[in-house]
Amino acid sequence: MSLSPTGALRHSGSLFAMALDVIRTLPRRPFQAREFIQQAWFIASVTILPTALVSIPFGAVIALQIGSLTRQLGAQSFSGAASVLAVLREASPIVTALLIAGAGGTAICADLGARKIREEIDAMQVLGIDPIHRLVVPRVLASMLVAVLLNGLVSVVGVAGGYFFNVILQNGTPGAYLASFTTLAQLSDLWAAEVKALVFGAIAAIVASYKGLTAKGGPKGVGDAVNQSVVITFMLLFVTNFVMTAVYFQVVPQRG
Amino acid sequence: MGVEICVEGLTKSFGPQVIWQDVSLTLPAGEVSVMLGPSGTGKSVFLKTLVGLLKPDRGSVTIAGRDITKLRERDLYEVRKLFGVLFQDGALFGSMNLYDNIAFPLREHTRRSESEIRRIVLEKMDMVGLIGAEGKLPGEISGGMRKRAGLARALVLDPEIILFDEPDSGLDPVRVAYLNQLIVDLNAQIDATFLIVTHDIASARQVPDNIGLLFRRELVMFGPREQLLTSDEPVVRQFLNGRMQGPIGMAEEKDAAQVEQELAQLGDRATAQTPGSGPLTPRLLPGPGITRPPRWEAIARREAALHRSEVADV
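Here the protein sequences come in this chain order: A and B.
If you read the first sequence in the working numbering, its first letter stands for residue 1, the second for the next number, and so on.
If you read the second sequence in the working numbering, its first letter stands for residue 1001, the second for the next number, and so on.
Everything labelled a hint here was simulated from the structure, so no lab data went into it.
One should not assume that every hint holds.
Here are the simulated SDA-like pairs of lysine to any residue, each with C-alpha atoms no more than 20 angstroms apart in a straight line [stated by the list, open to error]:
no.: 1; chain 1: A; residue 1: Lys216; chain 2: B; residue 2: Gly1042
no.: 2; chain 1: A; residue 1: Lys216; chain 2: A; residue 2: Asn227
no.: 3; chain 1: B; residue 1: Lys1081; chain 2: A; residue 2: Arg29
All figures in this text were calculated on a predicted structure; none of them were measured in a lab.
Input sequences plus hints: build the corresponding full structure.
What follows is the structure, given as structure tokens:
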């Protein structure tokens, strides 16, 4: 990748052009149901286990931090409320983003990149088949679906992990933990997190597909593409996360 | 019936590097043409420009009355259904077995029943001699088999134009001979327009109706096979005879003085041996089992007459 400013602009331009192409191609029939199911299954299979394993310590860290903080402030009765809030609002979308980009996105990028340098994509275009319609759209939709489901998984595992650490290890009161569950968090927090996950899934898949389909220069090119796709996706996801959080606080009235 | 491809003033560059400029030629409908050129002269780029995978900087490619360099993406996909392309390594889909690979265009573009698809796929696989390998994955077979499977896939939609990207690279001479025969037989059977990009001189001498030569960022010559084979143009002579003396160097083109000197030396010997002006390589004709269309009947008659006169000369 060239380091000139016009090069960076051109790449961002074509990335957005492809995102628009994906949106425009979405309603085109026939829908590639088979590819969609295969990809959803594939992305789920590479992300579920690492996600669960990452979200347990993540929930635990939050529980530990909040446990000691609430004790210092003398607000132990709110430890449950605070840890649910932290897991639901920030931890789960971030963990989902990391895993979707790191496990799902890299797999998509490597797969499409390998096809690109083997000229399979060219062959497909010559056979009159649009790779955006045939390959990218099902992957984007599959990644969105899996991201939403993963977000639910992270929330459950994270909250359960928080409960375990707070109650069993820090000798918190189970009743107080459960009772304060909904004092701060509300249902709209879950919806917001799910919407974030949906957007993250789309961004990760589009960036990975773009990088994969523009890979060049043999096997090394595929490696570079995967590397760049992870870096770009992470940057985009964290910026998007910030923007969406800021908008959320403006739009949805908070409790308390 | 094949379709004519009309290329005018085509220029392509990657960044500051000009690949070729001002390429103009017409591939006549239903005929076999060969595009020759030393390695790295952009033969594959030319092929990809013809199918609209790469956009040229200038110029037009007119196929069936439409300039494909100016078509919108969606129309381009329609025009591409006229094409069958054999890529260098076959470009098979690695995740599918050979049967599914060859059936892929039929399943995507037609509403045929599976039994009908099976009939067509097996027919094409028989044509390229791959019966029995339906269940193999592209990773499990040799390069030659991948190429033949790629050819079978290019044929299933009965294309009007077939492009071959170095069909003979990485194949042994016997397989190249079979492949050349297959190309000629195919041309007699389906009447499509063929373009073969290669640097194999033996194939170029035997197979085509027309030959073109790309060198030094331009099309040196394009014309009927006889004209190129008997041409006095130094680049054409050097390439078709596969010798070192001439304008084509190992890395780049040579400087003019050196070329002149080499050609002069060669000229002394050449007058004695007259290479290039010797008997024309006989053309490869369709096999005995193939019913020849009028075009091939005429070629066969001409060939027969040519060689009778040569025998008489001797």
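Consistency of the hints with the structure:
Note on Lys216 of chain A and Gly1042 of chain B: the hinted pairing holds, with a Cα-Cα distance of about 17 angstroms set against a maximum of 20 angstroms. At most 20 angstroms may separate the alpha-carbon atoms for a hinted pair to count; Lys216 of chain A and Asn227 of chain A meet this at roughly 14 angstroms. For the hint linking Lys1081 of chain B to Arg29 of chain A, the alpha-carbon distance of about 18 angstroms falls within 20 angstroms, and the restraint holds.
Of the numbered hints stated above, none is contradicted by the structure.
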